[in-house]
Amino acid sequence: MTVSRRTFLGAALVVAVPVPALAGPAAGAGPAAGLTPNVFVRVDGRGRVVATVPRPDTGQGVRTMAAVLVAEELAVEVEDVTLEQAPGDTATYGSQAVANSTSSRQLATPLRTAAATARCLLIAAAAARWGVPAAACTARGGRVHHPGRRPLAYRDLVADAAALDPATVPVTLTPPERWRLIGRTRAGRSDARDIVTGRARYGAESAPRGSLIAVVARPPWIGAQVAAVDDGAARAVDGVVAVVRLAAPAAGQGGVAVVASSTAAALRGREALTVTWTGGTPAADSRAWLDELEAALPPAGSPVRPGGPGTAFPGAAADGGADPYLRRVYRMPLLAHAPMEPMNATAHVTADAVRVWAPVQDPGGLRTQLARSLALPEARIAVTPTLAGGAFGRRIEPDAVLEAIACSRAAGKPVSVRWTRDDDTRHDSYRPMSVHRLTAALDASGLPLTRTHEVVTWPLTVLPAFANPAVVRASGDHFPYTVPGDVSVALRPAPIRTGFWRAVYAGQFGYAEECFLSEIARHGGHDQVAFRRRLLPAGSRLHAVLDAAAAKAGPAPAGVACHLEYGSAIAVIADADPATRRVRRVTAAVDVGVPIHPSGVIAQVEGAILDAVSTVLGAQITVRDGAVVQSSFRDYAWARIGDCPDIDVIIVGSQAPIGGLGELAYPPAAAAIASALAGPEPVTGMPYGVPVG
Amino acid sequence: MGRFRLQVNGRRQVVDVPGDTPLLWVLREELGLTGPRYGCGVGACGACVSLIDGAAGRPCVRTVEDADGARVTTIEGLSEHGDHPVQRAWVDLDVAQCGYCQPGQIMTVVALLARVPDPSDAQIDEALRDNVCRCGTYPRIRSAVRRAASLVRGAS
Ligand code: FES
Ligand code: FES
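If you read the protein sequences in the order shown, they are chains A and B.
Everything in the first sequence is counted per this note's numbering, starting at 1 for the first residue and increasing by one.
Everything in the second sequence is counted per this note's numbering, starting at 1 for the first residue and increasing by one.
It is possible that part of the hints are untrue.
Unchecked claim - Listed next, the stretches of chain A that the computed footprint assigns to chain B, with coverage defined by at least 3 CB atoms under 8 angstroms from CB atoms of chain B:
| hint | region |
| --- | --- |
| 1 | 180–191 |
| 2 | 277–291 |
| 3 | 378–390 |
| 4 | 457–465 |
Stated by the list, open to error - Residues from chain B shown here face chain A by an in silico Cβ test under 8 angstroms; the list is partial:
| hint | residue |
| --- | --- |
| 5 | R3 |
| 6 | V91 |
| 7 | A96 |
| 8 | V132 |
These are computed hints drawn from the structure, not numbers from a lab.
Glycine included, each C-beta is placed from N, C-alpha and C at the ideal position.
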């Protein structure tokens, strides 16, 4: 049976095409043909409910979310749903990108509709068999029930259901008041057992048997290129089978790959290489970069005047004629993604096909991109996304995949490229540095009348669209308060690779804005929560979350911040001891519309809070003499368990549609924590209290 | 090349590899035990932690030569059905996000509870100090260690 894709993919997709009767890796498997109303869900001949998860799981929990939604609509339990991971295929699945916190917003309705369609067809089949109206039947526990009849199991109905014309069967979604699971389930993560037994398969574990292993000698300073290679000693290492020159950008970031029969041999081979490098910027220095950004700020003028140029500031006279305003400059560092599983990818290039297994954030987009760059039809390219040991924006990029393809082509075998932690830390696409100058005109009571936020930063080198200041501004500026003003963005050329990092530019903009607001409130002697309440527009979703967080955190909190983005709202309150630099407690209240998998919602907020603790206390990337200084978690000072505050996450219910979440908590958590740590001192950058850059 | 003897998850193994090969690659690539994860290779993250002669060790920084004759337990050898109390606590409290660090966290906690059946918060933080979780599951790890400790006490 085929149905229009538009029916199931909703507004996310503009083209309507028929869906293959069975899509996904297990197509055609299984005993009986089974019921497959669309690309997302099928009920097989044994009555098993199988959901195809279109986007990869990077730890954000999309697989569990899919299981909850499908279980709800097919009236089974979360653990009854078998999950299959979709291969890269945008024609079938639409966008498969784990990006911009879109997965729950874009997938919930299609997944629910898919499962509800299957349920309605099964009910229709049972009703027909019994000769009763479908409305008198219900689905529950993998069976269809009718008062006075013996329940029929799904497995006994799939053949009849598959023969029905879905156009004749009305599909109804389970209404929220009847939800058993959505927003309520206590189920944990779908892959939990595989994770705790070590069976979970990430990139390295997904490489086909017999794959060779490659490690890459990478530029010792930024932009360096290979001038010459002496690989005699490397080739002599036992187990080394090939040495491959990788030319950027076609084969990733460039370098020399050593392909071997084992990781240890590949590492020994890399050690034995002699590479001569040329070009690049061997004198680059991140402190100097930040100074250059600051020097590029426009000349500091007066703050924006409430009534336009030439008008007076209210309160100015009372203040002896001086313009009452506050001004502060914030300096933001480079940050690395540092996913726990370092970058890696496996490729097998044969005469007529390219196959890839890798932890990637956008398998469909990658396949399309590879088709273009390799000049192959998409049908000849297979991208299998694996579980990813974290991503945080890093795995949008194809660099490791391109390296694996180049190595496999040269070696004629499947090759798995493994980045060491050192490679991963030193050759990331970093969150850009930025300098923010904020100016606020204040009234006599210390409330801001206007605000000016001037930003100088770099574009994201991984996506050309971000070379546009308007795009950067749109990413960064989500100021939710009713203070009129100006935001200006100037972009300088990026001296290092830059990319998406959790919350993208909102991480820098939101941090500066909320730290500044905290200082204004303190300056005017206002309570941080009451002050924000006054500035929020009536009816803002932030009122409810701010109230909920404040009620839990107690009176007169030092660190407070809000954020409104991705269709969700959050308030974060932090308590810290400035003397010991210890973050004691963080309270977050979040409104995501529908918290599909509550434990997963809380986990995403906890994770973003730990990112905030890490980056405010001291994690940053610095560049000296052309090279990134840090090389592992030893010096990229990510939070340890002892740095972890007590965390309370409150889910605040609302009538809003499903909102995004993965990135939401980072900007306000960082600002609240920094403000709490600063106490009466101003925050001047990130990390707080250590030199930036 | 050398021949090295190990007892891994209760089975005797003999491997023929250069003596300076890190034990982690022997476990993962010679013996097919991929539960110990590679996170840094320099002993700085804890993703590879396994029991070496009963204590939490980091096979990424132990050469096979140095480990010759050792008894090694990887996460695969912790329990037959994934129901060791620490594993159960981890599942019950839905600790994992990406899960990549968790075998190392779990094995570190197994070693901790063997020494200290009822650890204080400070002892938990100390034992797990060099186990990074990039996803930030620390609050749940803390709770799960307490849960695991009470499960172990209940069982004994
Ligand atoms: S891989 Fe062994 S401690 Fe990081
Ligand atoms: S769960 Fe992802 S690194 Fe710990």
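Hint check results:
1. 180–191: holds (count 3)
2. 277–291: It is violated, with 0 qualifying residues against the three required.
3. 378–390: Result for this restraint: holds, n = 4.
4. 457–465: violated (count 0)
5. R3: Hint on R3 (chain B): violated, closest Cβ of chain A at ~15 angstroms, above 8 angstroms.
6. V91: 5 angstroms, holds
7. A96: 5 angstroms, holds
8. V132: Given a least distance of 5 angstroms, the restraint on V132 (chain B) holds.
This entry does not satisfy hints 2, 4 and 5, going by the numbered hints stated previously.
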